[in-house]
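Trainee: This is what each chain is made of:
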Amino acid sequence: MATPLNLKELSKQELRFTSGHRLCAGCAAPTVVKMILLAACDYPVVVASATGCLEVSSCISTYTAWKVPWIHNAFENAAATMSGVETMYRALKKQGKIDKDIKFIAIGGDGGTYDIGFQSLSGAMERWHNMLYVCYDNGAYMNTGIQRSGATPTYADTTTCPVGSAISGKPQQRKDLTRIMAAHGIPYVAQASPSHWTDLMKKVRKALEIEGPKFINVFTPCNRGWRTKTDDAILLSRLAVETCFWPLYEVENGVTHITFKPREKKPVIDFLKMQGRFKHLFEPGKERLLEQIQQTIDTNWERLLKESSPEENKE
Amino acid sequence: MTKVVAVTGNEAVANAFRQIEPDVCPAYPITPQTELMQRFAAFVSNGQVKTEMILVESEHSAMSACVGAAAAGGRVATATSSQGVALMWEILFIASGLRLPIIMPVVNRALSAPINIHCDHSDAMGARDSGWIQLWSENAQEAYDNTIQAFRIAEHMDIRLPVMVCYDGFIISHSIERIEYIDDVVVKEFVGEYKPLYPLLDIDNPKSYGPLILTDLYHEVRKAHSEVYKKVPKVVLEVAKDFEKISGRKYGLFESYRLDDAEIGIVILNSAAGTTKDVIDEYREKGVKVGLLKPRLFRPFPYEEVGKALSHLKAVCVLDRADAFGGSFGPLYLDISASLCNFKEKPVLINRIYGLGGRDYMPEHAQQVIEELQEISKTGKIKILKEYIGVRE
Chain A
0 MATPLNLKEL SKQELRFTSG HRLCAGCAAP TVVKMILLAA CDYPVVVASA TGCLEVSSCI
60 STYTAWKVPW IHNAFENAAA TMSGVETMYR ALKKQGKIDK DIKFIAIGGD GGTYDIGFQS
120 LSGAMERWHN MLYVCYDNGA YMNTGIQRSG ATPTYADTTT CPVGSAISGK PQQRKDLTRI
180 MAAHGIPYVA QASPSHWTDL MKKVRKALEI EGPKFINVFT PCNRGWRTKT DDAILLSRLA
240 VETCFWPLYE VENGVTHITF KPREKKPVID FLKMQGRFKH LFEPGKERLL EQIQQTIDTN
300 WERLLKESSP EENKE
Chain B
0 MTKVVAVTGN EAVANAFRQI EPDVCPAYPI TPQTELMQRF AAFVSNGQVK TEMILVESEH
60 SAMSACVGAA AAGGRVATAT SSQGVALMWE ILFIASGLRL PIIMPVVNRA LSAPINIHCD
120 HSDAMGARDS GWIQLWSENA QEAYDNTIQA FRIAEHMDIR LPVMVCYDGF IISHSIERIE
180 YIDDVVVKEF VGEYKPLYPL LDIDNPKSYG PLILTDLYHE VRKAHSEVYK KVPKVVLEVA
240 KDFEKISGRK YGLFESYRLD DAEIGIVILN SAAGTTKDVI DEYREKGVKV GLLKPRLFRP
300 FPYEEVGKAL SHLKAVCVLD RADAFGGSFG PLYLDISASL CNFKEKPVLI NRIYGLGGRD
360 YMPEHAQQVI EELQEISKTG KIKILKEYIG VRE
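Sequence order for the protein chains is A and B. Counting from 0, one number per residue, gives the positions in the first sequence under numbering that gives the first Met the number 0. Counting from 0, one number per residue, gives the positions in the second sequence under numbering that gives the first Met the number 0.
In case anyone wonders, no lab produced these hints; they're calculated from the structure. The model shown is predicted, which means the values in this text are computed figures rather than measured ones. The beta-carbon is built from N, C-alpha and C at its ideal position, and this holds for glycine as well. Where hints are given, some of them may not hold.
As the list claims (entries may be wrong) - From the structure, some residues in chain A lie toward chain B, with a derived Cβ separation under 7 Å:
| # | residue |
| --- | --- |
| 1 | His20 |
| 2 | Val67 |
| 3 | Ser82 |
| 4 | Met87 |
Given these sequences and hints, build the entire structure.
Mentor: As structure tokens, then:
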């Protein structure tokens, strides 16, 4: 029987990502990884990591935080690497050399997923490998020092698109990777957030039980990059969800379900004002930029409501 | 026991793959390699092999998938050419750094720009310091034989390194030649069952692959890694000895042709060695003491053995089918030069660049080189140290 996703039962489970890793204090990535591995607690798993914060901080010299088999190859190829592992598993299983039911999880940051690893991810999904790809999206190249990525929100201050007298941070929109992955027609795509941990873990568990390629995009605050307090990762994740900056939804076999609808959609400024990377937007004369961000969120949320299954819309 | 057939080089190597049945083969098409994996894919489709193919979206992903599959704990092979090698370049170092015994035929082709699909050695030469063992092959028979031996060398417990098997695009890959195939059972027995080392799929004994290692230990890790290459020549020779027993064909670290009593010599890789040997025979009949050295194990390069084999000569021309731009010499020349630099008695060396982008290497090119070497051995004077030959006027 599957381990129930409640604190009483989960607290009895062994953590397969240990403390002693060297991620920053307040980083949400290890929280997300622990949640993923706890959700997968009923299965043996193999994990592949793209180069990035999580990777460089979790396996250094002779020390590793991974109590599961783990492989890091390069920056842009976690999906392709895992496609090799998963195919070897199928080959050896077919030959009767392995009998266990093993699950395969690739994890990359937004740089390694939205940008440099996008082709590798798209290819692996199209080839229908039985694997779950998780993107921990912290909205910039944090490992190299907060450079702009395809996931960086509009007007965020980054070191490669810094706020200056001529430019107010990143001028372009974020790439909507979750929708792009859904467009691959794969059986399961979801957006999750560590603030809504049962939702996140349910999604991971559901994904692991589905045959074929799966993708989950997880909102992962970074206090160094966002210029926020070290103890606000979960609060920021919650605000991202409640403002609909990061809606929680899933696309299962092409059908969209919103898994959490805020009772009252909060204004995006509640989310933005806590972060140093958006500080310039609260200077006089920048009201238009804030309005623009709000408008984009409203448009995207309305579209998501329309796309979600009719049952959801009746609520 | 053996079967004589008339096949292309690619078909011969595809047949070696069929006989060996790697567990996983990631593949991406590129001319002139394509025919090899197409033929192998037909064996997969017809259920003749147990192999699982991964038909990836790029060579970068092909090599990335090779790394994942090999670390998972099984036998892995792929193949490529030219731009494919260039695109894989980053991951080639990771495959060797992680000590993964991946086999990759490289069907040698020129690099862009300008784009050109025909043979030269720029692709494999660009990857010569990536930590892969390189075996070079004169003809389809050698490509087939080297492919079979490559698995034994790569998977040897003292080595555990990836191997490239290089053979000339079109000239060998697409020309039909007489080949002796070894029996399937004999090949299978020769290669043996794959022995995994620290497989990722050993769930009960989790291993972490690909750590971060900084200034405290990186230098030591690389030193330890470099020591492994010293063991390669011995293993290559052991495997060659066993291979001779099943095939009757002898292989060494390099081939010496009429070299022992020679005064002048040519060093050349792959298919052009065949043409050169014919021309050497003509000159030998005229009483000219000329010989040839054809490297087989190009990485790790057997400097000592090659130096000893060439040191007695008066003049040597190293013919490179790849240039090193920026005023340097061809890659083969640099290694031959390094092999000889500490000998007191050594030949005068010249470097000639030939056959780029599939320009034919003709008997008259070998003749031109031999004439020049005769002149140098008489006068001791070099007119031009490095020059292109076979250039259209």
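Trainee: Where does the structure disagree with the numbered hints, that is, which hint numbers, in rising order?
Mentor: Number 1 only.
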